[in-house]
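A.B. asks: Next come the chains, spelled out residue by residue.
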Amino acid sequence: MTDDPLTVRATVLGASVFPNADRQRLWLVRLRVEEVIEGELSAGQEELSILVHSPSRDFRTAEPVGETFRITLKDPLTDPYAGGLKIARDE
Amino acid sequence: MPPAPAPSAPTQERPIARGEPAQPVPEVASKTWLPAAMGYWAAAAGRLDRADPGTRAATILSLQRTVGNAAVQRLLTQTRTTVPVQRDCGCGGGCGGCGDKGQEEPGGQADLPVSRQVPPVYTPPACVLNGPTLVDKVIDGFKQGTPACLFEAWGLLNSRAMFDLLPALLELKNKGHWATVAADAAFRGGPRMELAVHAVNLKTQGSPIKTDQLRDLIDRLATTWADQRADILRFIGKYVVITVEGIDLDFSYVAGATSKSCVKEVQDTIAETKFMAKLYADCGKDKKHKTGDDIEACITSSAAKLGLTLEVAGSTSSTGVVTVKAVAVDKCQPIITRNTEIHESVHQHHTKQLEKKHGKGTPAFDAAWNEAQDWVRDERGARAAEIKFLTKVLAALKKLEKMVK
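Which chain is which? The protein sequence lines are S and B, in order. Residue numbers for the first sequence, in numbering that gives the first Met the number 0: 0 to 90. Residue numbers for the second sequence, in numbering that gives the first Met the number 0: 0 to 404.
Treat each hint with caution, since some may be false.
Taking beta-carbon pairs under 8 Å as the criterion, some of the chain B residues facing chain S (in silico) [what the hints assert, rightly or not]: (1) D226; (2) S301; (3) L305; (4) V321; (5) I335; (6) I341; (7) Q347; (8) T350; (9) H357; (10) G358; (11) K359; (12) T361.
It should be emphasised that the hints constitute simulated quantities derived from the structure, not laboratory data. For clarity, every value in this text was computed on a predicted model and none was experimentally measured. Idealized CB from N, CA, C, for every residue including glycine.
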């Protein structure tokens, strides 16, 4: 695994409150990775967890669960991921 | 006079609890590998099978205390009963040279690839507990008194949800087995069992629960899940609840003998929310900000100028994995969690409005969604909903506080 940005096609599996020290990002969103578009992901890793401010606002849809997005993780991976994000619809 | 409970000396080499006796054990017949969804647990069980008896017993006991005995038993049973037998040579082994002997050579399995190794087969429970009810089975385990039977009996108790455990313990007390329960609760049950035992003692003390006893209990409840706190308070007849926007506030949120009331944390959260709302308002006033991203960048930089870092970096574990830790369960967390849900409901409602107006995923939706002033209004609306909720919580907590006295 490198520290290069990682871009994946991923489906939102669920979102729940994840109390943590980052008070601006208290939602944990679980993703199923459908495809690694750019960058590297550990072999066998099929899911990612990311912290967001608001599932509906960050994913630009009132009901993101079950939908697939193109997601770029700009910073080195953490567990859960708490770095910069770019989320776009899977066109 | 009930029979005296059997002695239960702690031992480091407790036999392992197996499947519950009442459940039939399926034959080893499946030729498919474990379902992928069970992969993690199967791996864990595989490690358990290879662990030394002490480690294995401790791990199973720990799992029973956390995920419950029923889940542990299902796991152990599944991993032992759905294993495939994939062998190539006539002797039934995948080893070279066993054909003449008609059986696998000792240690042969160790030479196989992991994917071809056959996990140990299911073996019957080390102790069978008899009785028509859970409590009867537990009592039978106490009477048999062997380490295996005590392990089985406590496994049954540990597997129960709090609302089910409390009456079971009460029945054990009424049937004269309290000495065994009280003596072993910490060792074989853990903190949750100790808490339940304490609740049963309060309920059966024969006199009304005094204020200082209730305050002490509130301290003990602080690190317990909210639903279990409610179960305990209901069991002892002290469940007074005020529901505020979907959260049931009870005595567990007020001051204990040593722990503080949640009033202070709620007040702090209100102050923080007001501060953030003002930051958004200020950033919104700057007309050079055109998008939501511009606003968020302004928020981060404004906070930094005030010496605040909004984003928190993870910490690196010994294995090199950077982890963002969840806040540990504490007394007031359920209130803060509900507050976060209320904040989100405002964003979700607004997103639905935009979808209705512009169409989901359309360019017009994207433009409206990312427009700076709309972004600020949405965020301030979410903060206002938080303040409204938290203010109601404060009032409810103050009412509850007066009722404890």
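A.B. asks: Look at each hint and say if it fits the structure.
C.D. replies: Hint check:
Interface restraint check: B:D226 against chain S, minimum CB-CB distance 16 Å, threshold 8 Å, status violated. Restraint check, B:S301 versus chain S: the minimum CB separation of about 13 Å is more than 8 Å; hint violated. Restraint check, B:L305 versus chain S: the minimum CB separation of about 15 Å is more than 8 Å; hint violated. For B:V321, the interface hint holds, the least distance from its beta-carbon to any beta-carbon of chain S being 4 Å, beneath 8 Å.
A hinted interface residue such as B:I335 counts as satisfied when its beta carbon comes closer than 8 Å to some beta carbon of chain S; here the least separation is about 6 Å, so the hint holds. Annotation: B:I341 was flagged as interfacial toward chain S, and the flag is violated, the nearest CB pair being 11 Å apart, outside 8 Å. Checking B:Q347 against chain S: minimum C-beta separation of about 4 Å stays under 8 Å; hint holds. Hint status for B:T350: holds, given a least beta-carbon distance of 4 Å to chain S, under 8 Å.
The restraint placing B:H357 at the interface with chain S is violated, with a minimum CB-CB distance near 11 Å, outside the 8 Å limit. At about 12 Å, the closest approach between the beta carbon of B:G358 and any beta carbon in chain S exceeds 8 Å, and the interface hint on this residue is violated. At its closest, the beta carbon of B:K359 sits 7 Å from a beta carbon of chain S; the interface hint therefore holds under the 8 Å criterion. A hinted interface residue such as B:T361 counts as satisfied when its beta carbon comes closer than 8 Å to some beta carbon of chain S; here the least separation is about 11 Å, so the hint is violated.
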